[in-house]
Amino acid sequence: IAGITQAPTSQILAAGRRMTLRCTQDMRHNAMYWYRQDLGLGLRLIHYSNTAGTTGKGEVPDGYSVSRANTDDFPLTLASAVPSQTSVYFCASRGTAEGTEAFFGQGTRLTVV
Amino acid sequence: AQSVAQPEDQVNVAEGNPLTVKCTYSVSGNPYLFWYVQYPNRGLQFLLKYITGDNLVKGSYGFEAEFNKSQTSFHLKKPSALVSDSALYFCAVRVGTGFQKLVFGTGTRLLVSP
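For the record, the sequence lines run as chains A and B.
12 is the number that my numbering gives to position 9 of the first sequence; each next residue is one higher, with no gaps.
115 is the number that my numbering gives to position 37 of the second sequence; each next residue is one higher, with no gaps.
These aren't lab readings, by the way, just hints derived from the structure by calculation.
For glycine and all other residues, C-beta sits at the position ideal for the given N, C-alpha and C.
Please note: incorrect hints may appear among the correct ones.
Unchecked claim - Straight-line distance between alpha carbons at most 25 angstroms, and here's what the computed SDA-like set of lysine to any residue pairs gives: (1) 60/A <-> 100/B; (2) 136/B <-> 103/A; (3) 60/A <-> 31/A; (4) 147/B <-> 164/B; (5) 60/A <-> 118/B; (6) 136/B <-> 100/A; (7) 60/A <-> 81/B; (8) 127/B <-> 34/A; (9) 136/B <-> 173/B; (10) 60/A <-> 146/B; (11) 60/A <-> 136/B; (12) 136/B <-> 102/A; (13) 100/B <-> 47/A.
As the list claims (entries may be wrong) - One-sided excerpt, in silico: chain A residues whose CB lies under 7 angstroms from chain B: (14) 48; (15) 51; (16) 54; (17) 67; (18) 104; (19) 108; (20) 110.
Claimed, not checked - Far from chain B by the CB rule (all over 10 angstroms, computed), these chain A residues: (21) 7; (22) 47; (23) 109.
Only chain A is shown next, with the shape it has when bound in the complex:
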């Protein structure tokens, strides 16, 4: 089934540790996004990528980095996790046709202790 796969589904992480959240899509979408979801704040954009080889910063990029080595994969790395990064993280992708909607993964629930 076509779509977006995120891994892991959940993780408890000690503060200060490094963590990479994985995201893979098989729809050959050029645009990909990482959002975090927090109660009362909705979804906020962390980083994005227009196409393979390019990335950009969203609203809340501090403490996170991304890479886009190919079309399908868009991993999100927390270099040194802090408790404020406890959140649910969603990866999304979108095709380039005008007005197309974004497709979302199932999310990764991350708890930093």
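Model the placement of chain B on the given structure of chain A, informed by the hints.
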């Protein structure tokens, strides 16, 4: 700043009654507007979108939304609510020209009682 607002944290409705989940937007130019639904422990699922054309947009699961330019609103509606419609609903607007991203509202929890 370009944004959407969902003024209600929660909407309660009895099964069989009509429901409305409100969304207003603030963007320059013509807006591309979206509704997504999130069930517990799941990702967001696309419901419907307004790009251009008819102001009444029909989407998945019997939902529809009406684009109102004068009121800058894009309210989600359903004529007869189901208990299974209980979920978290997000309104979003596409912003940007070279790179397009979705800006989301804070979400509205819909509770449909039997």
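Return the status of the interface hint for residue 51/A: holds when the least beta-carbon distance to chain B is below 7 angstroms, violated otherwise.
6 angstroms, holds
Does residue 54/A pass the interface hint, meaning its C-beta sits closer than 7 angstroms to a C-beta of chain B?
10 angstroms, violated
For the pair supplied as a hint, residue 136/B and residue 103/A, confirm whether the alpha-carbon distance does not exceed 25 angstroms.
Since the Cα atoms of residue 136/B and residue 103/A sit roughly 16 angstroms apart, the hinted pair holds (cutoff 25 angstroms).
Decide if the proposed pair is consistent with the structure: residue 60/A and residue 118/B, CA atoms, cutoff 25 angstroms inclusive.
Outside the cut-off at roughly 28 angstroms; violated.
Can residue 104/A be said to touch chain B, with a Cβ gap under 7 angstroms?
At about 5 angstroms, which falls below the 7 angstroms cut-off, the nearest Cβ of chain B leaves the hint on residue 104/A intact, so it holds.
Just to be careful, I want the Cα atoms of residue 136/B and residue 173/B compared with a cutoff of 25 angstroms; is the pair within it?
22 angstroms, holds
Satisfaction of hint between residue 47/A and residue 100/B, Cα-Cα up to 25 angstroms:
20 angstroms, holds
Holds or violated: residue 110/A as interface residue toward chain B, Cβ cutoff 7 angstroms?
5 angstroms, holds
Minimum Cβ distance from residue 7/A to chain B greater than 10 angstroms, as the annotation requires
8 angstroms, violated
Please verify whether residue 60/A and residue 146/B have alpha carbons no more than 25 angstroms apart.
32 angstroms, violated
Hint consistency between residue 136/B and residue 102/A [alpha-carbon to alpha-carbon, up to 25 angstroms]:
The hint holds at about 16 angstroms.
Please work out if residue 127/B and residue 34/A have their alpha carbons no farther apart than 25 angstroms.
With Cα atoms ~18 angstroms apart, residue 127/B and residue 34/A stay inside 25 angstroms; holds.
This entry does not satisfy hints 1, 4, 5, 10, 11, 16, 17, 21, 22, 23, going by the numbered hints stated previously.
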